[in-house]
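Chemist: Using the sequences plus the hints, can you model the full thing?
Chains as they are written, first to last, in our numbering: chain A, 1 to 324; chain D, 1 to 324; chain S, 1 to 382; chain P, 1 to 382.
Simulated from the structure, these hints should not be mistaken for lab results.
A portion of the hints provided could be inaccurate.
[Stated by the list, open to error] Listed next, with one range per pair, are the computed distances between beta-carbon atoms:
#1 D:Pro183 with S:Leu281: 37 to 45 Å
#2 P:Glu340 with D:Ile199: 32 to 40 Å
#3 P:Asn130 with S:Arg158: 54 to 62 Å
#4 S:Glu336 with A:Tyr282: 26 to 34 Å
#5 S:Arg158 with P:Glu280: 31 to 39 Å
#6 S:Gly98 with A:Gly74: 19 to 27 Å
#7 D:Asp284 with A:Arg319: 23 to 31 Å
#8 D:Glu278 with A:Arg220: 28 to 36 Å
#9 A:Arg320 with D:Ile199: 30 to 38 Å
#10 S:Arg158 with D:Asp312: 47 to 55 Å
#11 S:Asn357 with D:Asp284: 33 to 41 Å
Source: prediction; values computed, not measured.
Every residue, glycine too, gets a C-beta built ideally from N, C-alpha and C.
What follows is each chain in one-letter form.
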Amino acid sequence: MARLTYLQAISDALKLEMRRDPNVFLIGEDIAVFGGAFKITQGFLDEFGEGRVIDTPIAESGFVGAACAAATVGFRPVVEFQFIDFISCAFDQIVNYAAKCYYRWGIQMPIVLRGPTGGGVHAGPFHSQNPEAWFAHTPGLKVVLPSTARDAKGLLTAAIRDNNPVIYLENKFLYRHYREEVPDGEHVTPLGVAALRTIGSDLSIISYGATVHLCVEVARLLEKEGASVEVVDLRSLVPLDRETILESVKKTSRALVAHEANLTAGFGAEVAALIAHECFDYLDAPVLRVASLDVPVPFSPPLEMAMLPSVDKIAGAARRLLAY
Amino acid sequence: MARLTYLQAISDALKLEMRRDPNVFLIGEDIAVFGGAFKITQGFLDEFGEGRVIDTPIAESGFVGAACAAATVGFRPVVEFQFIDFISCAFDQIVNYAAKCYYRWGIQMPIVLRGPTGGGVHAGPFHSQNPEAWFAHTPGLKVVLPSTARDAKGLLTAAIRDNNPVIYLENKFLYRHYREEVPDGEHVTPLGVAALRTIGSDLSIISYGATVHLCVEVARLLEKEGASVEVVDLRSLVPLDRETILESVKKTSRALVAHEANLTAGFGAEVAALIAHECFDYLDAPVLRVASLDVPVPFSPPLEMAMLPSVDKIAGAARRLLAY
Amino acid sequence: MSQTKPRVNLPDYPAELQADPRDLPYDKDQLRRFYEAMKLARTFEEKLASLYRQGKINGAVYLGMGQEATSVGSVSVLKQGDFFTTVARNLSAYFYKGVEPRDVMARWMGKDIPPSHGRELGLFLADIKNLGNPPYHNGSMASWIPSGAGYALAFKLRKQPNVMLAFTGDGATSPGDFYEGLNFASIHKLPLVIICEVNQFAYSTSLAKQMPVENVADRAPAFNIYAETHFGNDLFLVMEAARRGIEHARGGKGPALIEFKTFRQRGHGEHDDMAYVAPELREFWADRDPIKMYREWLLKRARFKPEEIAAIEDGIAARVDSAIQYAEAQPMPKPESVTERLFAPSPHDPKPEDRLNRYEPIETPSIPGLTASHDKSTGGHF
Amino acid sequence: MSQTKPRVNLPDYPAELQADPRDLPYDKDQLRRFYEAMKLARTFEEKLASLYRQGKINGAVYLGMGQEATSVGSVSVLKQGDFFTTVARNLSAYFYKGVEPRDVMARWMGKDIPPSHGRELGLFLADIKNLGNPPYHNGSMASWIPSGAGYALAFKLRKQPNVMLAFTGDGATSPGDFYEGLNFASIHKLPLVIICEVNQFAYSTSLAKQMPVENVADRAPAFNIYAETHFGNDLFLVMEAARRGIEHARGGKGPALIEFKTFRQRGHGEHDDMAYVAPELREFWADRDPIKMYREWLLKRARFKPEEIAAIEDGIAARVDSAIQYAEAQPMPKPESVTERLFAPSPHDPKPEDRLNRYEPIETPSIPGLTASHDKSTGGHF
Ligand SMILES: Cc1ncc(C[n+]2csc(CCOP(=O)(O)OP(=O)(O)O)c2C)c(N)n1
Ligand SMILES: Cc1ncc(C[n+]2csc(CCOP(=O)(O)OP(=O)(O)O)c2C)c(N)n1
Ligand SMILES: [Mg+2]
Ligand SMILES: [Mg+2]
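Modeler: Shown next, in the form of structure tokens:
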């Protein structure tokens, strides 16, 4: 075990998988010479050479399409988006080529599309977005969002070994702000098993990605207020661990869903709808959602913080639920 | 009043708005000389000339970007996607330029992005998609889906006069299969007001687009079985007529949400989550959803029909709810 | 300046049927094989069109009539292990490669036939193992140029001496993907060969509305790519040019773009009456029909007897008829199968025991909201 | 062949400071105005960098140091009603056009300043009315080339004699949007002028990894576009070339692409130590710093006195200092305002009375599921 940041855990997973499997290669902007905008692949060029760490021109659609193709003939490309916002430029290749290939032809396409998501670092509307709902709504893609360094490593390892296209969404605030013990060597976290970050009996908070941290903080706050809160971290939206969600809500009878993406038609709606459907006879209160307000992510800190979910907002909703 | 197909109603709205406002122009592939893949703009080139009916190369991102820009300096462009599936190629311009322009700068961008959606005509995975949830999740875009010829005209008129980017999603099965009396001359249906297609007291079915027709058929079936079903047609997802949804469900205490897009993280999840939240104390049964199965739209009729929502599937869910 | 000037060669056919059979390395069987592939496609498509009009084919039908020489000529010079991808008008390429007409017909009818089992239209086929036809994205125009670059990259990374050949229409040279793919392929000197079939229209859109230059090959210098432009309805001319492009790419010199001027004899799809096409243009190209020309050449220059040709054609007609019978007899896919095969099984798919240790607490939650001045993380605020 | 060959002109500066002031149509005030805009941007950015390092600026900071001549030179030859868009390195263009440093500084600090009121980074400004700087999409590289074509289209449709000038980096010539935009603009002969600032890198990526040709202008013939390539750190050379491009476009001859070779003296952003840049390259371009060169020229050729220059520079330093003070004193936006101004009010926004007649029954629902053979609708199955 070593204490690694979330970012180092990602690097570690990439490096180990590249050593393990010669078919893994990396492709993206500024990942080779520069080591990536966030320095996740620093030193990789030296170790793996330019055939496996490929700097590209600014052409997301082009290099995603190329990597997808290579994935159908035995390679396992890992594509880096410099900021996930630019995934919109490759949207067609992802939703129409990657997502549908196996269904159409039975030819598998093991590719990981990864990049930094999320706000809270005052990077403005084009460097802060959270696109998971678009992809979770597109059949054929797996969607993974680690909240911890351990998971960042374990889930990325599983994603690279997965035989399907995986959208792997990192959180750029966590990159250098979260640090924990991470297992050395091989560490795999299967895609589709949620984690419990706290265990409780009065309220379930279902979340994923960086927002899980806010939820854990809320659980601690509310513990002091005498409430026992269970925080469910989905870890992947597709596949979705329905059992863990439903088990938890059936136990607590109260559910709150929280994420950083915009509220309307966010993945939280799916979780809330699922709970409302499957736990109808168990619920003692309506399912609430806390998410970003429905606007682009503004640059200025007071605006951005007002827009994003926060410990206060989640705690407020939790208290309303507990008092219902 | 004249009896028009859904398609003719769209043509009619376009023509009237072009006559009324010289700033309206059309742009897209094969819309001028050919009159559009579905012949919606047949004859327009003759009447309006090539400055206002612009054939483009196959370059969705390019002509969407160009039209968006023109919209910020007083034009009101209407962009046609030959099939809505290709909207993925213009995704970045839509979600990053169009959606965010007014919020960033206070400069309005009145543009309509329209095209044929939907399955049921055996056109395969790339000519059958329903992309509304992607855009409803992106703040700054209005999302409109007419289910009738009258609305096709009224909503398109409102969309063209709207000062914001509007994603206007037509249904290609309805184009030539649905026909009704449509008001002559100016006819405007405001964006954000749902319609009641049937009025009932036992169950609310909330739907939009072509699926509304299935729901109306279900209402008729169930009427014969003694149940009184209210069909709410949203007409637009953004803005969403929450009041009409909630009023209806508070009255009936049972809600079913139906749409043609894939189930997971579809807009139905948003509606179900809304109801589960706001009508918790009124509901006598869980909120159910019927939507397309979570796979790409397959070509072969038996597969496609198995994948799409149907009268049977919706009626089945409705009966379960009524019996709950 | 690192540009190669495209070579242009547009003889006024069919003034003379030029190739001398004595110069060609093909025996009679091989010459017959070319004819069979082209004529089989033509006959098949004529039948398909009438089935479509009878309401026996669902959806839309897109045909390649008039472009058989570009398809057959190009794939015929590929070598073992090379890849190719088609768009909508390359049925004859499939037939040349040995795809069975009866399977194609069954696909058009939505039957339960591999690899798509009714999920895809009849014109789309991917079969790497048996055919060297990898899956690419058929929906959006030019999306296969990036994927083409990807297959070429795979060859290069594996040091395989193969090329990736991608058919492309003129319209498909407008989307950004076309340029992103070419640029990537050229920077990395990948063995990608674009066979661009300029059939005068993209749906209804004429060349002048698609591009401000005369030839697609005029764009190749922008990517430092080898290019040639030719008349595309002469099978042997196609083969020669395609071979040069392929050998250029195979030689590690980077991509090649071979442009063929040809003509789409039918509408964009069978629903399209192509009223926008001038009669003179149709006539010009009808005179230069690739099958007609090749047939004449076989008779006049290669000493095929009329009876021989007639026998080939009868055989083809019978094959198409039996393809229809076969296809009609095949079962439709089972509705229940619709949700199958969405995700490929993977080594770490969750197992029941994975759910045992789900409790993994977060000791020190990390809460954003710092301004730059308060942020003490290493590596700066980002 | 409809290609125009790009003109290339890369003199070995600063061997000679070439322009003769007597040939130039500028009076002393005008020469001072050029200097002020460039030097103001330089001084402002130096300060901005140090504020960033002090943690007083949030997010990331991108600077244009070294590219002041391309910016100022290009916009200085625009006429009334012309439009221009910038990317990240054109602050001096804004200053030349009269944007107030204090407002830019306030924007960088996220203050409640129009038009973005804290929603955008300091480097992004759109103000059509006062500045001719229309909103375009700053997020994704090259996305402004389609929008540029759109503004040029608007001029053409309105028969306005104006041009749209779009700054672009070398990296931004790789995305598909660049080509889609150029193609559209050229087909329609739109008055779009691309000023391409080739500053040797796209982030850390060298030119050789971005493009397989030497010059961006080598790509112009692919779109039948007028192009020139020049050294970009000589203000007068920039003005001459930009003027030719602008007048070409204004004359209805279609787009122009003017390429300037220049250098990004800082990292991509201030977080980037640009370790990947060879020292010799830095030195080469340091010797050719556009402000240094222009300053020397003012002294040596245009008879500015050292005191005059010093006075200008003192004035600029004071202006930047007061800009910071002003900006710091401005209020931050109110958190509650975050949900405002998402949608523009529209004439048919729902009114209470619209909700009165919501009952609109569907008489004959239309149920899909027909196969082609059962479909009797007019116009075929589609
Ligand atoms: C991105 C995209 N936009 C639109 C379409 C619709 N479409 C299908 S084929 C076609 C014309 C293609 O023309 P070309 O590339 O010349 O091929 P051809 O049909 O002439 O063989 C169009 C516009 C598409 N498939 N993809
Ligand atoms: C589509 C897209 N991909 C990636 C980025 C991230 N990015 C921002 S600027 C930049 C480099 C731009 O290089 P260039 O166009 O040469 O401009 P310069 O920074 O040199 O002025 C990159 C990769 C982006 N903004 N858009
Ligand atoms: Mg064509
Ligand atoms: Mg650059």
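Chemist: State, for the Cβ atoms of Arg158 (chain S) and Glu280 (chain P), whether the hinted interval 31 to 39 Å holds or is violated.
Modeler: holds, 37 Å
Chemist: Using the Cβ atoms, figure out if Gly98 (chain S) sits within 19 to 27 Å of Gly74 (chain A).
Modeler: holds, 24 Å
Chemist: Are Asn357 (chain S) and Asp284 (chain D) spaced within 33 to 41 Å by their CB atoms?
Modeler: Since Asn357 (chain S) and Asp284 (chain D) have Cβ atoms about 40 Å apart, the given range 33 to 41 Å holds.
Chemist: Within 47 to 55 Å or not, the Cβ separation of Arg158 (chain S) and Asp312 (chain D)?
Modeler: holds, 51 Å
Chemist: Given the hint of 37 to 45 Å, is the C-beta distance from Pro183 (chain D) to Leu281 (chain S) inside that range or not?
Modeler: 44 Å Cβ-Cβ, so the 37 to 45 Å window holds.
Chemist: Does the Cβ-Cβ separation between Glu336 (chain S) and Tyr282 (chain A) fall within 26 to 34 Å?
Modeler: The hint (26 to 34 Å, Cβ to Cβ) holds, given that Glu336 (chain S) and Tyr282 (chain A) are roughly 31 Å apart.
Chemist: Against the range 30 to 38 Å, how does the distance between the Cβ atoms of Arg320 (chain A) and Ile199 (chain D) compare: consistent or not?
Modeler: holds, 34 Å
Chemist: Take a look at whether the Cβ-Cβ distance between Asp284 (chain D) and Arg319 (chain A) falls inside 23 to 31 Å.
Modeler: Hint holds: Cβ distance 28 Å, inside 23 to 31 Å.
Chemist: Return holds or violated for the Cβ distance of Asn130 (chain P) and Arg158 (chain S) against the range 54 to 62 Å.
Modeler: The hinted range 54 to 62 Å holds for Asn130 (chain P) and Arg158 (chain S), with Cβ atoms some 58 Å apart.
Chemist: Could one say that the CB atoms of Glu340 (chain P) and Ile199 (chain D) fall in the range 32 to 40 Å?
Modeler: Given a distance of about 37 Å, which is inside 32 to 40 Å, the answer is holds.
Chemist: Per the hint of 28 to 36 Å, is the separation of the Cβ atoms of Glu278 (chain D) and Arg220 (chain A) within bounds?
Modeler: holds, 30 Å
In summary, this structure violates none of the numbered hints.
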